[in-house]
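Using the hints, position chain C against chain Y.
The chain contents come next:
Number of protein chains: 2
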Amino acid sequence: MRFEEHIFHSPQFESVVKSAVDFFNNTPVCAIPPLDSFMGGGVYALYYTGNYKAYVEAGVTSENNYLNPIYVGKAVPRGWRTARLTDLEAPVLYTRLREHAKSIELAQNLLLKNFCCRFMLMEEPESDLIVPVEAALIRNYRPLWNTLVDGFGNHDPGKGRYNQSKSEWDVLHPGRPWADRLTGISPKLEAIIEKITTIKM
Amino acid sequence: MRFEEHIFHSPQFESVVKSAVDFFNNTPVCAIPPLDSFMGGGVYALYYTGNYKAYVEAGVTSENNYLNPIYVGKAVPRGWRTARLTDLEAPVLYTRLREHAKSIELAQNLLLKNFCCRFMLMEEPESDLIVPVEAALIRNYRPLWNTLVDGFGNHDPGKGRYNQSKSEWDVLHPGRPWADRLTGISPKLEAIIEKITTIKM
Chain Y
163 MRFEEHIFHS
173 PQFESVVKSA
183 VDFFNNTPVC
193 AIPPLDSFMG
203 GGVYALYYTG
213 NYKAYVEAGV
223 TSENNYLNPI
233 YVGKAVPRGW
243 RTARLTDLEA
253 PVLYTRLREH
263 AKSIELAQNL
273 LLKNFCCRFM
283 LMEEPESDLI
293 VPVEAALIRN
303 YRPLWNTLVD
313 GFGNHDPGKG
323 RYNQSKSEWD
333 VLHPGRPWAD
343 RLTGISPKLE
353 AIIEKITTIK
363 M
Chain C
163 MRFEEHIFHS
173 PQFESVVKSA
183 VDFFNNTPVC
193 AIPPLDSFMG
203 GGVYALYYTG
213 NYKAYVEAGV
223 TSENNYLNPI
233 YVGKAVPRGW
243 RTARLTDLEA
253 PVLYTRLREH
263 AKSIELAQNL
273 LLKNFCCRFM
283 LMEEPESDLI
293 VPVEAALIRN
303 YRPLWNTLVD
313 GFGNHDPGKG
323 RYNQSKSEWD
333 VLHPGRPWAD
343 RLTGISPKLE
353 AIIEKITTIK
363 M
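Sequence order for the protein chains is Y and C.
Taking my numbering, I'd label the letters of the first sequence as residues 163 to 363.
Taking my numbering, I'd label the letters of the second sequence as residues 163 to 363.
By construction, these hints were calculated from the structure, which means they are not laboratory data.
If chains are identical, the list can't say which one is meant, so a pair holds when it fits in one copy or spans any two.
Only pairs whose alpha carbons sit at most 25 Å apart, straight line, appear in this in silico SDA-like list of lysine to any residue:
1. Lys-264 <-> Phe-165
2. Lys-236 <-> Phe-200
3. Lys-180 <-> Phe-165
4. Lys-357 <-> Leu-272
5. Lys-357 <-> Leu-344
6. Lys-215 <-> Ile-361
Given the structure is predicted, the values throughout are model-derived calculations rather than measurements.
Okay, chain Y solo, but in the shape it has when bound:
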């Protein structure tokens, strides 16, 4: 069997993902959460402009160009692909940004005003690009909270599951009340800071 006949190549696809990343990097920089609510899903990035020591040392704070996110995420409308379109018209991306804003506000050593975001909405059929475009952004920028420091996007694990360990993010930025309930052995603050400041981004 000649397997070449079964392998699909598409140079056009790479260029579509690249265009999406370019478009993303030219979307307006907004406050987090954005002032107005909006519907739909897509990808977003958070940028940090404050002076948390380890982040300044590691060089992960954003300059004026806002091209080095500290976190990249996606919000995919449920049912987007199955024709069971239950919440295509739900504010899934906006809601996610609000949750992130809440996590940052709760953190004792971060200020929400030192964060801003970009976001890009993708309707059908471009919504199929949400996953690959998020992946491309993470691959390109290796944002700190997606790579070295784990746990920013976590949710309250809920009753009966507090035997987990605190995430690195929660050790670094204490404040989320549910994280304080976790009883597992936490990673060491010093080890996390050393990791961040040693491996320059």
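Coordinates of chain C only, in the frame set by chain Y:
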């Protein structure tokens, strides 16, 4: 805020997915499972050429052109997008086709020789198209076992979970030994057959 500035449109993306579907429809038709094992993930379709009465009546059997699949599926290599590439070189699509062949062989009223398949392998970065291309194929062809008749792709639920109901597929095509262990109330055979033969594909 002007949201248009945040909405990404890409006519090129639609054309990429269309090219992939066209390429797929021109891949060689193979026995299921294919004679030789092969590595990688992608999408596949099964075609039925037998004379199971309800399927003949519903017009879901394949003519010589093999353009109306009875089932479409995907096999996504784990870790394909996270740079934790653990099994990109695993035969995930081939393995899935073997599992399907086994299900069909076990069915008392189906013959494996009445099935054939197409498959399309997608390596990085095209592997990001696996999900949207599978979705496009299902949207285009509404294959019977993806739409009206549920359960072909199911696995043995395992010990402690046999209180589930039998799937429509397992009622229609009895044979998988684990399906016989399910103790939930099964859908009625007559109702399934009526559904298939009434709603012409």
